[in-house]
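Protein chains in written order, with this note's numbering: chain A, 1 to 217; chain B, 1 to 217; chain C, 1 to 218; chain D, 1 to 218.
Do not take every clue at face value.
What the hints assert, rightly or not - If you only want the chain A side, here are some residues facing chain C, beta carbon under 7 Å, derived:
1) V94
2) G123
3) N163
4) V194
5) G195
6) V205
Stated by the list, open to error - Computed footprint of chain A on chain C, listed as stretches where at least three residues anywhere in the stretch have a Cβ under 8 Å from a Cβ of chain A:
7) 11-20
8) 72-85
If you are wondering where the hints come from, they were derived from the structure by calculation, not from laboratory data.
All C-beta atoms, glycine included, are put in the ideal place defined by N, C-alpha and C.
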Amino acid sequence: MSKVTAIEAAVAKIPDGATLMIGGFMGVGSPHRLIDELVRQGRKDLTIIANDTARPGVDIGKLIRAGAVKRLVASHIGLNPETQKQMIDGAIDVELVPQGTLAERIRAGGAGLGGVLTATGVGTTVAEGKQTIDVKGKTFLVEEPLRADFALISAWRADYYGNLSYELTARNFNPVMALAADTVIAEAGEIVPVGLIPPDQVETVSVVVDHLVARSN
Amino acid sequence: MSKVTAIEAAVAKIPDGATLMIGGFMGVGSPHRLIDELVRQGRKDLTIIANDTARPGVDIGKLIRAGAVKRLVASHIGLNPETQKQMIDGAIDVELVPQGTLAERIRAGGAGLGGVLTATGVGTTVAEGKQTIDVKGKTFLVEEPLRADFALISAWRADYYGNLSYELTARNFNPVMALAADTVIAEAGEIVPVGLIPPDQVETVSVVVDHLVARSN
Amino acid sequence: MDEKTIIAKRVAQELRNGNLVNLGIGLPTLVTKYLPVGIQVFFQSENGVIGMQPLPEPGVAADALTDAGGTPTSIIPGAGAFDSVTSFCLIRGGHLDVTVLGGLQVDEAGQLANWMVPGKMVPGMGGAMDLVSGAKRVIVAMTHTAKGAPKILKKCNLPLTSVRRVDLVVTELAVIQPTEEGLVLLEVADGVTVEQVVAATEARLIVPNTVPTMQLAA
Amino acid sequence: MDEKTIIAKRVAQELRNGNLVNLGIGLPTLVTKYLPVGIQVFFQSENGVIGMQPLPEPGVAADALTDAGGTPTSIIPGAGAFDSVTSFCLIRGGHLDVTVLGGLQVDEAGQLANWMVPGKMVPGMGGAMDLVSGAKRVIVAMTHTAKGAPKILKKCNLPLTSVRRVDLVVTELAVIQPTEEGLVLLEVADGVTVEQVVAATEARLIVPNTVPTMQLAA
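Whenever a hint applies, use it, and build me the whole structure from the sequences.
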């Protein structure tokens with residue numbers, strides 16, 4: 001059961017208006033080819049859940065520049081003035097989330113949890129409009145889980161079943177996003193025969209991956 | 001900064017009445033030597049947080065047989081009739097926790113979360129006396145975080161700084177417990193020079209480990 | 001064919017290619033023996049592995065690779081290992097396609113009790129509550145009666161495993177599907193009549209006009 | 001010695017052997033240059049590594065190993081890599097000994113504002129809120145004033161990063177410790193008087209009878 005799919009076909013499954021989680025951190029560990037193909041196919045009105053939007057015209061920044069993004073949930077947009085401009089102009093609806101809360105909200109979506117109880121953001125603008133709960137005399141924000149229609153993931157190595165391994169800081173949000181979307185499309189630096197990734201080095205298990213695309217053409 | 005400590009000295013730090021998390025699953029991946037040394041030093045009135053109590057007189061079952069345990073938080077005691085007998089006799093106060101909830105409660109303790117919002121246990125005896133919360137129209141139990149004074153961990157490999165790697169199903173509760181205790185004592189199958197465990201295979205980072213003991217004498 | 005074989009063979013038919021499946025200890029583990037040809041299923045063991053399979057031969061057991069009962073096991077190529085947190089993230093997060101568990105009681109609401117008998121058996125729920133609450137599909141594999149007494153009741157009197165309605169109940173006599181309207185009798189075993197199933201069941205059964213016979217491989 | 005060097009050198013004195021430390025981008029990263037001899041510190045980068053160190057030479061950068069700004073970095077022997085969830089588990093779970101961050105404003109309650117200027121600068125908080133809420137020790141490293149205007153105020157008027165009271169504020173003029181009673185002036189820089197610090201500070205400072213001078217290596 002190989003999961004390898006032609007990139008055009010894999011990305012064609014994503015409709016306009018879809019909610020996408022996209023792995024990566026300032027463009028490191030981002031699914032470069034999948035992003036390029038989304039832009040090439042002219043997808044629009046996307047909701048993107050990602051740590052950041054990289055730099056102008058780079059990685060997720062390409063989707064911003066292409067005007068493909070309607071809504072963004074991210075922790076940091078400081079290094080991409082185009083995102084900030086579109087936000088101020090009202091072209092993109094941006095929800096800024098503390099990075100640790102973002103990671104935990106995605107995790108909650110993937111782990112079947114009802115939400116995240118966190119001290120981060122209590123008493124700040126981040127808390128506005130949110131439930132709080134007291135546990136053992138301390139107040140926590142209730143942050144809701146995040147899920148997506150698709151997760152676009154970047155891995156170092158995959159096997160044909162879709163088991164994935166990651167490398168150093170290119171790991172970041174990829175493993176957790178692979179658990180929090182209805183359909184997972186992974187891009188891998190290399191695809192190796194089944195059995196070549198030692199079980200202890202499988203960080204995303206094959207059963208959650210739907211489609212696999214090689215990084216090089 | 002080697003963390004290697006003589007086993008007698010490491011275990012001597014644990015006072016009577018302490019709360020201990022102990023890794024392992026039916027004795028697989030348990031810190032065998034640390035348990036033996038606890039029994040040898042005659043520690044008593046312990047609170048143990050662990051998945052199970054293995055079998056009679058085996059691994060954590062040794063602590064049960066020695067009468068060292070006052071309170072137990074576990075998901076399963078079915079294969080150790082001695083634990084069940086001490087529970088029914090009132091010698092041990094046992095809190096039974098669904099296994100996934102146990103893992104998440106320990107994780108919450110290590111991750112600074114205020115609790116776990118889970119559907120597991122809603123409407124069952126597990127829910128008695130607990131807060132519930134509604135998120136997006138669905139009801140979840142609020143399960144409180146677990147922390148311990150000490151975590152006794154078993155690893156496959158360690159380096160002298162205390163970076164740890166695990167093997168297959170001997171992993172289980174060890175990595176998460178290593179994050180949820182004030183003091184972490186790890187027992188490793190082998191201790192290798194610093195730099196020999198590739199960074200991507202470090203599953204418990206050295207900074208959370210306080211003492212390191214070799215498995216063989 | 002004995003009771004357990006009937007149940008295991010029938011449950012095996014419910015598994016689909018590529019499914020992630022968790023089998024409870026005891027009867028459910030027999031299901032592995034009767035997988036239809038050409039179906040590849042990934043078995044999860046909740047102690048931290050996907051791709052578990054029986055030991056190929058004696059003498060190749062390793063301390064660090066066991067099933068949830070602590071018994072040595074082996075793995076297929078393409079297996080993955082992980083910690084308990086990730087294991088239950090898969091179970092509770094909707095990633096597990098099918099869980100097959102034993103049962104003490106199932107009732108008209110399709111609710112399952114399978115983890116304790118107050119005052120008698122207090123093993124702890126292990127992963128059962130998580131599995132029933134979190135799996136996409138919950139199949140209960142159990143004998144229809146215990147010492148002659150029905151196990152499919154109007155209302156469970158043992159503590160529930162979950163309030164979630166299970167998806168299918170397979171016994172040596174019948175296949176029953178819990179629905180919002182009640183328990184629907186889907187199939188009867190070869191040589192068993194609808195009347196015999198009804199007589200062995202305390203709960204009210206919804207009986208369609210035609211109830212097919214379970215089809216099992218020899 | 002320029003302002004930034006004074007601040008970085010003084011902050012470096014706060015780090016202890018074996019500490020896990022996170023440095024914010026900009027001024028705080030200068031701290032790495034002035035670690036006292038014999039002190040081994042583990043630097044965390046929140047994008048997923050402990051044991052970060054500067055690139056030893058040009059030409060050895062790798063795409064998959066960068067700091068939180070996306071700039072190639074390198075690691076010491078004994079480093080560990082992990083995903084964003086684990087990274088913030090370390091930050092929020094009380095495992096991070098020290099975080100050093102820049103600041104826009106600090107007030108008498110010891111609260112920090114450092115992540116946005118409404119209508120002007122909306123970069124997003126990144127990990128700042130998690131770091132200030134979760135680290136064992138929070139050190140703010142910033143210039144004492146901005147274009148002549150005090151940054152240490154009675155009350156922050158920019159959005160707070162956290163309601164948590166920070167542990168130390170280090171500027172080119174002074175070292176200030178927020179306490180329950182208010183801001184205590186711990187040290188003044190070489191050549192700076194208590195009166196100059198008070199004049200450059202809007203907040204009320206608690207001034208002990210003797211205020212020692214910052215001791216910095218040459």
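Verification of the supplied hints:
{"no.": "1", "hint": "V94", "result": "violated (27 Å)"}
{"no.": "2", "hint": "G123", "result": "violated (30 Å)"}
{"no.": "3", "hint": "N163", "result": "holds (6 Å)"}
{"no.": "4", "hint": "V194", "result": "holds (4 Å)"}
{"no.": "5", "hint": "G195", "result": "holds (3 Å)"}
{"no.": "6", "hint": "V205", "result": "holds (4 Å)"}
{"no.": "7", "hint": "11-20", "result": "holds (count 3)"}
{"no.": "8", "hint": "72-85", "result": "holds (count 7)"}
Violated hints, listed in ascending order, are 1, 2; each of the other numbered hints is respected by the structure.
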